[in-house]
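Participant: Please construct the entire structure, taking both the sequences and the accompanying hints into account.
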Amino acid sequence: MPSSTLNTIAVLGSGHGGLAAAVDLTARGFDVHLHARRDDRVAQLRNANGIKGRGIQTGNYQIAKITNNIAEAVSGVDLIMLVVPSVAHEYYAQGLAPLLDGTKPVFLNPGHTGGGLHFTHELRRHGYKGPIKTCETVTLTYISRLESDADVSIYSYTTNLGFSAFPGKYKNDLFDQVKTLYPELIKASSVLETGLSNINAIFHPPGMILNMGWIQRTDGDFYFYKEGITEGVGRATKAIDDERLLIAEALEIPAKPFLDIFFDAGLTTEAARLSGSISEACEQSEPNALLRSPNSLDHRYVHEDVGFGLVPFAALGQLGNVKTPTIDAFIQMANVATGNDYRRDGLTLERMGLHEMSIDRVHQFIENG
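Counted the way this note's numbering counts, the sequence shown spans residues 1 to 369.
These aren't lab readings, by the way, just hints derived from the structure by calculation.
Cβ coordinates follow ideal geometry from the N, Cα and C atoms, glycine included.
Check the hints yourself; a few may be wrong.
Unchecked claim - Taking lysine-lysine pairs in the DSSO-like style, the calculated list, with each CA pair at most 27 Å apart, reads:
1. Lys187 with Lys169
2. Lys256 with Lys226
3. Lys104 with Lys179
4. Lys323 with Lys256
5. Lys65 with Lys104
6. Lys104 with Lys226
7. Lys129 with Lys104
8. Lys179 with Lys169
9. Lys179 with Lys256
10. Lys187 with Lys52
11. Lys65 with Lys52
12. Lys179 with Lys65
13. Lys226 with Lys187
14. Lys129 with Lys226
15. Lys256 with Lys187
16. Lys65 with Lys169
As the list claims (entries may be wrong) - Cβ-Cβ distance ranges computed for the label pairs, FRET-style:
17. Ala43 with Arg292: 23 to 29 Å
18. Met357 with Arg28: 39 to 45 Å
19. Asp173 with Glu227: 29 to 35 Å
Facilitator: So, in C-alpha cells, the structure goes:
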C-alpha cells in the first residue's frame, strides 16, 4: 500500500523500465502519472486500454494518467522518477527546469554513472536556480523487458540495490522515503560509489564489441548473457573491472568486484560467484537467461554504456591519476565500430560538474552540492 509520504509518482519514461514501474506501482496501490515523449507512444498506450503485466505483477493495469506533457505529468505528485537511459537526462532536465521548486525529490531509476550529477548540471545550465534533491540507484529496480507496445514482463526486482543522493546530505531522508517503494535498496556512501558500481558499463561494452560480428550476422539471434559472455569476453570484462577497482581505490570510494555486485543483485548463483568466472556467472544468471541480444550496435548497450559508462569511468580515472588501457581500448573500438565519438559526446567531468576539481573538492561537492 502507498506510504503516508509517497502516494502519487510521476514515472518519466515509457520503455521497459518505465512500463515496469508503472505496472508494479499501480498494482501496489500508488497513483502513477506516466510520461512518454512522443505523441504516437502516448496514443499506443492509451489505445491499449491498460498495460499488461507479466511475471511479478500479472494482469491488465489502468494507469492513472498517461501524457506527453511534462508539466501535467509532475503536477500534484510526491516523487518524480526518471526511468530513462542516461542519454535522456538532458532532455528531462531541460523540461523540468522551469517546473521544479525544490519540494519534489527527483529519483533517477537508474542513475548509472554520474546520472544525478549530470542531471543537476543540466538543470543549472537550463536556468534552474533553486534547491535540488536527487537520488539514484546503481541500476534499474527491475529485471524487465517489453513484449509489445503495452505489454511488459517483470522477471524480478533487483536485490541489494545500491542507493545514494546528490547532494549527499539528503541521503538518509531520501533513502527512508524511496525505500517504502523498493525495500531491497541498500544505502551507499555516495553517488560516486553507486556510479562506480555500474555493472552495465562493465560487461555490456565487451559483450557488444567482441560479439559484433555475431550480432550483425544473426540480427542478435542469441542469448546475450547466457551465450554471448564467453570465457574470453568474461576475461575482457574482468580487465575493465580491475581498472574500475583501481579508480575507486584512488578516489577513496568503497567498491566491490563485479561478481559480488552481480551476485548481491540476485543475478547469479553463489557457486558461480565463488568460481571467479564472469562467464560462468552470466551463464548461471537465471533472471537474464532468456534475454536475447540487441540486433545491432545502435543500442543503449553501446551508446549509453560506453558514452555514459566507460567514458565517465575513464574521466574519474584521470582525476585519480589511474591509467585505464582496457577501458580506453573499448571506448576507441566502439568509436570505430559505430562511427561515433563517445569521448566527445559522452559524460565528461565537465558534464558532471566536476571539471578542474581536486579529489578533496569533489568529495565536498558530492556531499554539499
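Participant: When the hints from earlier in the document are held up against this structure, which numbers fail?
Facilitator: 6, 10, 13, 14, 16 and 19
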